[in-house]
Amino acid sequence: MSQIVKPASVINSADSVHRPGDASRGNPMSPIVRVDSISKSFGANRVLDGVSFNVAKGSVVAIIGRSGSGKSTALRCIDRLETVDAGRIDVCGHDITSPRLDLQQLRRDVGIVFQSYNLFPHMTVEQNIMLAPRLVLKLGKAELRERARMVLAQVGLADKADAYPSQLSGGQQQRVAIARSLAMSPQVMLFDEVTSALDPELTGEVLRVMEKLAADGMTMILVTHEMGFARKVADEVIFMHRGKVWEQGPGAMLDAPRTEELHNFVASGL
Amino acid sequence: MSLLTGPQLQFLFQGLLWTVVLSVMAFVGGGLLGFAVAILRVYGSAPVRNLTMLYIKLVQGTPLLVLLSLAYFGLPTLGLRIEPLTAAGLGLSIYVSAYLGEIWRGCIESVPRTQNEAAECLALSWRQRLAHVILPQAMRIATPPTVGFMVQIVKNTSLASAIGFVELARAGQVINNATFKPFITFMVIAALYFALCYPLSVWSRRLERKFHVANR
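Protein chains in written order, with this note's numbering: chain H, 1 to 270; chain F, 1 to 216.
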């Protein structure tokens with residue numbers, strides 16, 4: 001298959017989109033996450049090949065693409081769960097590639113939710129949520145309770161504070177995982193295929209929570225297979241292919257793909 | 001064939017008491033040392049991990065009798081005066097630490113890596129992750145095999161008789177030498193060991209069942 005269209009981040013469907021490098025000073029929408037031509041290889045496999053994108057404060061960015069396109073790796077790099085071989089990432093003022101990075105401070109500013117929930121099975125829902133605020137933020141008992149109550153209400157599980165994760169459905173567990181991240185009051189939330197392990201009904205309840213979160217102004221970066229959700233909620237969609245940002249633009253971009261690859265991807269209904 | 005006399009039985013029970021003391025010493029000493037071994041084996045730098053592994057291999061590849069002899073007869077040649085109880089406690093602790101260290105290493109490593117990752121992403125420090133997330137889960141996995149191993153410890157304390165320590169087995173030998181009633185004497189000894197070990201193995205089995213139910 002010939003590459004008729006230029007790949008990489010050159011293609012911008014909308015002019016309003018922030019290009020890497022134009023991190024314009026004085027812009028009220030200055031990016032809170034700046035990913036600048038990062039590359040990464042696992043052995044001979046180049047999973048990220050010069051990926052750049054910016055995320056403005058309060059915006060929602062959806063990263064889509066086939067499995068193996070590097071989208072999850074890109075997301076994990078932002079929270080320094082993976083290191084990059086080249087390039088720069090700046091998150092909430094933290095230079096991720098700096099050897100002097102304060103990893104703990106970064107993780108206080110960035111929340112992440114995984115596909116497999118990863119709740120702590122030996123703790124109740126409330127204990128799961130209060131653990132990090134108690135140990136890291138050193139909040140008092142009353143404040144902890146209040147915070148747990150607040151985030152649980154936010155994800156619609158106010159009545160499950162004393163349940164153990166194993167007593168909850170997948171969708172409920174994932175909402176607890178979201179609440180657990182929110183309890184640290186992060187500035188950016190990352191979602192790594194959070195609904196991929198759920199059936200459609202449970203997917204819906206998790207997506208509704210995320211939609212509400214977006215409406216409340218949370219900065220969100222999500223790797224997702226939910227095209228409908230990306231189209232509807234994301235301010236910007238990034239289509240990754242072969243470790244590159246292949247196409248990028250507002251949700252409407254999915255209705256009129258410019259590249260053959262995105263066209264095929266959308267058509268395949270993934 | 002008459003049974004054992006009162007004083008003889010009393011002597012045996014004294015031996016039993018020392019067996020219990022030795023077992024507790026071995027378990028506490030070996031447990032503390034074994035915990036350090038397990039942590040170093042999992043979280044140490046590469047050279048530390050290799051060194052710990054060498055320690056485990058060396059101890060596991062040495063008969064307990066030799067370890068006890070080293071402690072009791074070997075250390076004095078280095079100018080250290082050592083009592084049989086100290087020597088036995090030391091030898092047993094080292095022996096137990098290698099086994100418990102290896103059992104616990106496996107338990108720590110069997111806690112899914114994603115648990116650590118999730119805790120890391122919540123900004124918990126290594127100590128906090130270990131204390132609040134990893135170890136509580138590892139402990140649940142570790143309890144049945146640990147209690148099971150305690151049975152081995154109890155039985156292995158009998159080897160302390162070889163360095164002149166009068167615990168249950170040695171007490172039995174002494175009484176047999178005096179009375180020459182080997183059958184009845186050693187039957188009583190066996191029964192006493194059984195009385196110590198059986199509750200432990202029942203407990204271990206019960207814990208195992210409970211653990212399986214909890215994980216369903």
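I should point out that these hints are in silico values taken from the structure, not numbers from a laboratory.
Hints are supplied without guarantee of correctness; some may be wrong.
[As the list claims (entries may be wrong)] Between beta-carbon pairs, the in silico distance windows are: (1) F:F35 <-> H:G140: 48 to 58 Å; (2) H:S185 <-> F:L17: 51 to 61 Å; (3) H:P99 <-> F:P199: 51 to 61 Å; (4) F:Y198 <-> H:D85: 52 to 62 Å; (5) F:S110 <-> H:R46: 42 to 52 Å; (6) F:K210 <-> H:D162: 14 to 24 Å.
[Said to hold, decoys possible] Calculated cross-link-like contacts (lysine to any residue; reagent style SDA-like; alpha-carbon spacing at most 25 Å): (7) H:K232 <-> F:Q115; (8) H:K232 <-> F:H132; (9) H:K141 <-> F:T77; (10) H:K141 <-> F:W126; (11) F:K210 <-> H:P200; (12) F:K210 <-> H:P121; (13) H:K138 <-> F:W126; (14) F:K210 <-> H:T124; (15) F:K210 <-> H:D162; (16) H:K138 <-> F:N116; (17) H:K138 <-> F:K210; (18) H:K138 <-> F:P136; (19) F:K210 <-> H:D235; (20) F:K210 <-> H:Q167; (21) H:K232 <-> F:L135; (22) H:K212 <-> H:D235; (23) H:K141 <-> F:L130; (24) F:K210 <-> H:K212; (25) F:K210 <-> H:Q105; (26) F:K210 <-> H:A163; (27) H:K138 <-> F:Q128; (28) H:K141 <-> F:S69; (29) F:K210 <-> H:Q127; (30) H:K138 <-> F:R129; (31) H:K141 <-> F:S125; (32) F:K210 <-> H:S30; (33) H:K141 <-> F:K210; (34) H:K141 <-> F:G44; (35) H:K138 <-> F:E117; (36) H:K57 <-> F:L135; (37) H:K138 <-> F:L130; (38) H:K212 <-> H:A197; (39) H:K138 <-> F:Q115; (40) H:K138 <-> F:L135.
What you are looking at is a predicted structure, and each value in this text was computed from that prediction instead of being measured.
Here a beta-carbon is modelled for each residue, glycine too, at the ideal position from N, C-alpha and C.
Against the structure, the hints come out as follows:
1. F:F35 <-> H:G140: 48 to 58 Å: 32 Å, violated
2. H:S185 <-> F:L17: 51 to 61 Å: Once the Cβ atoms are compared, 59 Å apart, the range 51 to 61 Å for L17 (chain F) and S185 (chain H) holds.
3. H:P99 <-> F:P199: 51 to 61 Å: This hint holds: roughly 56 Å between Cβ atoms.
4. F:Y198 <-> H:D85: 52 to 62 Å: For D85 (chain H) against Y198 (chain F), whose Cβ atoms are near 60 Å apart, the range 52 to 62 Å holds.
5. F:S110 <-> H:R46: 42 to 52 Å: Violated, at about 33 Å.
6. F:K210 <-> H:D162: 14 to 24 Å: 21 Å, holds
7. H:K232 <-> F:Q115: Status violated; Cα separation ~32 Å.
8. H:K232 <-> F:H132: Cα-Cα ~39 Å, so violated.
9. H:K141 <-> F:T77: Violated: K141 (chain H) and T77 (chain F) sit about 59 Å apart, past 25 Å.
10. H:K141 <-> F:W126: The given pair, whose Cα atoms are some 23 Å apart, holds under the 25 Å limit.
11. F:K210 <-> H:P200: Violated, at roughly 35 Å.
12. F:K210 <-> H:P121: Within the cut-off at roughly 16 Å; holds.
13. H:K138 <-> F:W126: The hint holds at about 16 Å.
14. F:K210 <-> H:T124: 19 Å, holds
15. F:K210 <-> H:D162: 22 Å, holds
16. H:K138 <-> F:N116: 20 Å, holds
17. H:K138 <-> F:K210: This hinted pair is violated, its Cα atoms lying about 35 Å apart.
18. H:K138 <-> F:P136: 21 Å, holds
19. F:K210 <-> H:D235: Not satisfied, since the Cα-Cα distance of roughly 50 Å exceeds 25 Å.
20. F:K210 <-> H:Q167: With Cα atoms ~17 Å apart, K210 (chain F) and Q167 (chain H) stay inside 25 Å; holds.
21. H:K232 <-> F:L135: Judged against 25 Å, a Cα distance of about 43 Å means the pair is violated.
22. H:K212 <-> H:D235: Satisfied, since the Cα-Cα distance of roughly 14 Å is no more than 25 Å.
23. H:K141 <-> F:L130: Holds - the C-alpha atoms of L130 (chain F) and K141 (chain H) are around 22 Å apart, at most 25 Å.
24. F:K210 <-> H:K212: Roughly 41 Å separates the two Cα atoms, so the pair is violated.
25. F:K210 <-> H:Q105: 40 Å, violated
26. F:K210 <-> H:A163: 20 Å, holds
27. H:K138 <-> F:Q128: 13 Å, holds
28. H:K141 <-> F:S69: Violated, at roughly 55 Å.
29. F:K210 <-> H:Q127: 23 Å, holds
30. H:K138 <-> F:R129: Satisfied, since the Cα-Cα distance of roughly 15 Å is no more than 25 Å.
31. H:K141 <-> F:S125: Holds, at about 21 Å.
32. F:K210 <-> H:S30: Between K210 (chain F) and S30 (chain H) the Cα gap is close to 55 Å, so the pair fails against 25 Å, i.e. violated.
33. H:K141 <-> F:K210: 32 Å, violated
34. H:K141 <-> F:G44: Measuring from Cα to Cα gives roughly 35 Å; hence the hint is violated.
35. H:K138 <-> F:E117: 21 Å, holds
36. H:K57 <-> F:L135: Answer violated: K57 (chain H) to L135 (chain F) is near 38 Å, above 25 Å.
37. H:K138 <-> F:L130: With Cα atoms ~18 Å apart, K138 (chain H) and L130 (chain F) stay inside 25 Å; holds.
38. H:K212 <-> H:A197: 21 Å, holds
39. H:K138 <-> F:Q115: 21 Å, holds
40. H:K138 <-> F:L135: 21 Å, holds
In this structure, the earlier hints numbered 1, 5, 7, 8, 9, 11, 17, 19, 21, 24, 25, 28, 32, 33, 34 and 36 are contradicted, and the remaining ones agree with it.
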